[in-house]
Amino acid sequence: MTSLLSTMMSHGFKSSKQDFTFGPWKVTAAKNHIMKSKDIERLGEEMNMPALPEMLFGDNVLRIQHTDGYGIEFNAIDALKRVNNMEDTVKVACAQEWQESRADSEHSKEVLRPFDWTYTTDYRGTLIGEGRQIKVTETAERIDIEKLKAREHIMFFDEVLLFEDELHDHGVSQISVKIRVMPTSFFLLMRFFLRVDGVLIRINDTRLYHEAGKDFLLREFSTRESKISELKGVPAGLHTDPNEVAQHLSLKLTQCEKLELPAEVIP
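Numbering-wise (the working numbering), the sequence shown opens with residue 1 and increments by one.
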């Protein structure tokens, strides 16, 4: 069980909502209880998925919204919509065992079919705003990591867990999003972390950065993945720590985008 979830369980979880204003932006971090099993089952039917993560926080959200209404948010339901519900992408012995373990409780009458039981998602956030929306274009511009390393006062920080599943004790699949706001900028990291014990480790990262006064945000998406057999020399203890193991994984994909803000409306 991850440290974030352990903390929630050990201290007695309470729903919370935090708002923070950064210039024309409002950052909202809302954390609520795990979805009830009946709601999870109904959602699974709607999404045509045989099963959903054990710990699904359907009401959790991290939202960044401009005073003009547009913005971007990160939530569990939209993350799950990006899961391949038609193909078993990691074919290992425990996949069948995992699906059968849930057959009686959730979908007893349904013939179990292949689907991505690891819940791998390439979700990068959901654009919001009626009428006026952020425009997404590819760019060669990169987030200045060195600038982020500068010691700057953190005015606001929060982390929101969207879902987690322990894959029938064969690993973990988890996605969470965290944000920090400094006097001159904000930086967000959403991380999908998958570890299938003895098989592979995969990390999908979405980074979002905005400097005050700029008319755009930068978004970088990356996929890193390695088979466990390829991680020779990496202590097994690091396999459970995404921050530590990430630097040892092979980079499979990087995509950089500029999220251009709508032009101001002149009355």
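Some hints here could point you the wrong way.
Unchecked claim - Taking lysine-lysine pairs in the DSS-like style, the calculated list, with each CA pair at most 30 Å apart, reads: (1) Lys-149 - Lys-178; (2) Lys-31 - Lys-81; (3) Lys-38 - Lys-135; (4) Lys-135 - Lys-258; (5) Lys-135 - Lys-36; (6) Lys-147 - Lys-135; (7) Lys-17 - Lys-252; (8) Lys-14 - Lys-135; (9) Lys-149 - Lys-214; (10) Lys-178 - Lys-227; (11) Lys-31 - Lys-258; (12) Lys-149 - Lys-81; (13) Lys-81 - Lys-14; (14) Lys-31 - Lys-149; (15) Lys-31 - Lys-17; (16) Lys-38 - Lys-227; (17) Lys-26 - Lys-178; (18) Lys-178 - Lys-31; (19) Lys-135 - Lys-149; (20) Lys-14 - Lys-36; (21) Lys-149 - Lys-258; (22) Lys-147 - Lys-38; (23) Lys-252 - Lys-81; (24) Lys-26 - Lys-149; (25) Lys-178 - Lys-214.
Claimed, not checked - Across the chosen pairs, the derived CB separations fall in these ranges: (26) Ser-16 - Glu-260: 26 to 34 Å; (27) Leu-251 - Arg-82: 15 to 23 Å; (28) Asp-241 - His-153: 23 to 31 Å; (29) Glu-211 - Arg-82: 26 to 34 Å; (30) Asp-241 - Arg-142: 36 to 44 Å; (31) Glu-159 - Asp-68: 21 to 29 Å; (32) Trp-25 - Ile-145: 15 to 23 Å; (33) Cys-256 - Ser-15: 31 to 39 Å; (34) Lys-147 - Glu-46: 37 to 45 Å; (35) Ala-263 - Lys-149: 45 to 53 Å; (36) Asp-241 - Arg-82: 18 to 26 Å.
For the record, the hints were derived by calculation from the structure and aren't laboratory data.
Note that CB positions come from ideal geometry on N, CA and C, so glycine has one too.
So which hints don't hold here, by number, going up?
-> 3, 5, 7, 8, 12, 16, 22, 30 and 35
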